[in-house]
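Colleague: Single-letter residue listing:
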Amino acid sequence: MTNQSKDVVKGKTPSLYPVKTKAQVSIIFIVILGFYFFSMFWTQREMVGGFGDSLGNMFTVIGKFFPPNLSVIPAILEPMAQTIQMAIVATTCAAILTVPLALMSAQNITTFKPLYYATRTLMNILRTIPDLVLAVIFVGLFGIGVLPGILALFIFSLGILAKLISETIESVDMNPLEAMRASGGNVFQVIFFGLVPQVLPQFTSFVLYVFEINIRASVVLGLVGAGGIGLVLNQQLGFYNYQNAMAIIVLIFVVVIVIEYISNKLREALI
Amino acid sequence: MIQFKDVGLVYPNGTEGLKNVNVTINDGEFVVIVGLSGAGKSTFIRSINRLVTPTKGSLLVDNEDILSYRSGELRKLRTKVGMIFQNYNLVKRSNVLKNVLAGRLGHTGTLRSILNLYKKEDVGLAYESLQRVNISEKIYNRADELSGGQQQRVSIARVLTQKPGYILADEPVASLDPPTSHQVMSYLKKINKEDNITTIVNLHFIDMAMEYADRIIGMRAGEVVFDGPVSEVNEKTFEEIYGRSIREDDLRGGADES
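These protein sequence lines are chains F and B, in that order.
Oh and the first sequence: position 176 is 176 in our numbering, straight run, nothing missing.
Oh and the second sequence: position 161 is 161 in our numbering, straight run, nothing missing.
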């Protein structure tokens, strides 16, 4: 009896995964590890001075940022507000336009294949353009200011939102929608009654999340002339006013933290 | 009156859902369709409100061939044919009252329903329907807070609110325990008698079919193999329908417990 069970343990215990899967996963793992080693080796060779001097430099540069010149804060409140406004306008417009786009790029709602593929492709193209590139293009088109920033953020967040929300729509429970259709509802009624209640919490959560991203992104966009606090930050860095720049960074930091805190609280309440 | 005339249905993947079905269902009847799973019961029921579309023959509801219907007519057909599902198909995040009001969608304009501007009568009707299935105290609960039996009662209330001429029930008790199953079937039967609504129910439990049906239709492999009043049915009939001897799990039991 004991012998038998020992035999089972020794010879016949099946492995948790099939041998083939195991081999595949191992190979992928080794290849990725190889990539890491290769790039480690390569970047070491390409780095100009190595880490040698940079550490000393770092302390000198960081030293110049301190103490932050907090007296400039009243003056930069307006561009900061502008940055937040840019994010709000862009996020709101994107959230509204996302609704039809997300519906059209959800396979379970848009059963007409060509439309589905067309919107999917459009979304993919939108998402592949980095926000910074969009900002550079729009600054070129409209000149330095808030408008190019808003447009860049709008297109950028539209790409993310439509993708996230169309995927939420695709994972929805289709049974209630069938029931609505069976009781004679038309397409709009089916969507509003069967679908909207199911995706509304995620929708709100994603919009808040994209709003947070937009606040941070709009700072970076300012660097290429798309308005807001980033523009001022870029100027101060250009004039080597590191202490002013530090004050701006501190302000951005505080604002981002506050906004994230608020939207996190909102999200918790929603889901 | 529902008339199937030589109805056949072949699914796009080649499966034959229905073969040469000829059935007439009169107004006010309580018909139970029995058969093993895959026998075509669901296809039969779903053809009547065109959730699936037969590929052959003609299907008459109130003397009109519904197979030629397009979107507008289809919605009109569906407002008079209510449906109950195995998985209740409620919107889990919405409250009970809103789920029940969904039964009025076909009667309500798009804008009105989207803005939640239901007519007072409609809300009253919804509340009345909930009272009829004894669940009116739960109107503001979210649907997913209810038990399976309660959810199925809400879905019955939704169908009642629709004021249908026909009720189709696709395995309404398959996910419920025996006492709850009998409760749900009793409500369906009561509604059938009180409102004279023609009711067609899919079941695979023999004892329940015998207890509640006026008439039994047996299906096997997409064909109607038996059609007759419940008085003509005995265990032998079921063995013929199922093509095998009757087993324990073909019975729901628990009629006394409820």
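Treat the hints with care, since some could be wrong.
To be verified - Distance ranges between label pairs, derived from CB positions:
#1 G109/B to P74/F: 50 to 58 Å
#2 N13/B to W42/F: 46 to 54 Å
#3 F112/F to D177/B: 24 to 32 Å
#4 T13/F to L67/B: 38 to 46 Å
#5 R112/B to L132/F: 44 to 52 Å
#6 L270/F to G38/B: 36 to 44 Å
#7 G109/B to M174/F: 37 to 45 Å
#8 E232/B to T13/F: 52 to 60 Å
#9 A118/F to E73/B: 27 to 35 Å
#10 F37/F to A174/B: 24 to 32 Å
#11 N124/F to R112/B: 36 to 44 Å
#12 T21/F to E232/B: 37 to 45 Å
#13 E232/B to F112/F: 47 to 55 Å
Honestly, the hints are just simulated from the structure, not real lab data.
Just so it is clear, CB atoms sit at the ideal spot from N, CA and C, and this is done for glycine as well.
Colleague: All hints, please: hold or fail.
Modeller: Do the hints match the structure? See the list:
{"no.": "1", "hint": "G109/B to P74/F: 50 to 58 Å", "in the structure": "holds (55 Å)"}
{"no.": "2", "hint": "N13/B to W42/F: 46 to 54 Å", "in the structure": "holds (52 Å)"}
{"no.": "3", "hint": "F112/F to D177/B: 24 to 32 Å", "in the structure": "violated (42 Å)"}
{"no.": "4", "hint": "T13/F to L67/B: 38 to 46 Å", "in the structure": "violated (59 Å)"}
{"no.": "5", "hint": "R112/B to L132/F: 44 to 52 Å", "in the structure": "holds (46 Å)"}
{"no.": "6", "hint": "L270/F to G38/B: 36 to 44 Å", "in the structure": "holds (42 Å)"}
{"no.": "7", "hint": "G109/B to M174/F: 37 to 45 Å", "in the structure": "violated (25 Å)"}
{"no.": "8", "hint": "E232/B to T13/F: 52 to 60 Å", "in the structure": "holds (59 Å)"}
{"no.": "9", "hint": "A118/F to E73/B: 27 to 35 Å", "in the structure": "holds (30 Å)"}
{"no.": "10", "hint": "F37/F to A174/B: 24 to 32 Å", "in the structure": "violated (57 Å)"}
{"no.": "11", "hint": "N124/F to R112/B: 36 to 44 Å", "in the structure": "holds (38 Å)"}
{"no.": "12", "hint": "T21/F to E232/B: 37 to 45 Å", "in the structure": "violated (57 Å)"}
{"no.": "13", "hint": "E232/B to F112/F: 47 to 55 Å", "in the structure": "holds (49 Å)"}
Checked against the numbered hints above, the structure violates hints 3, 4, 7, 10 and 12; every other hint is satisfied.
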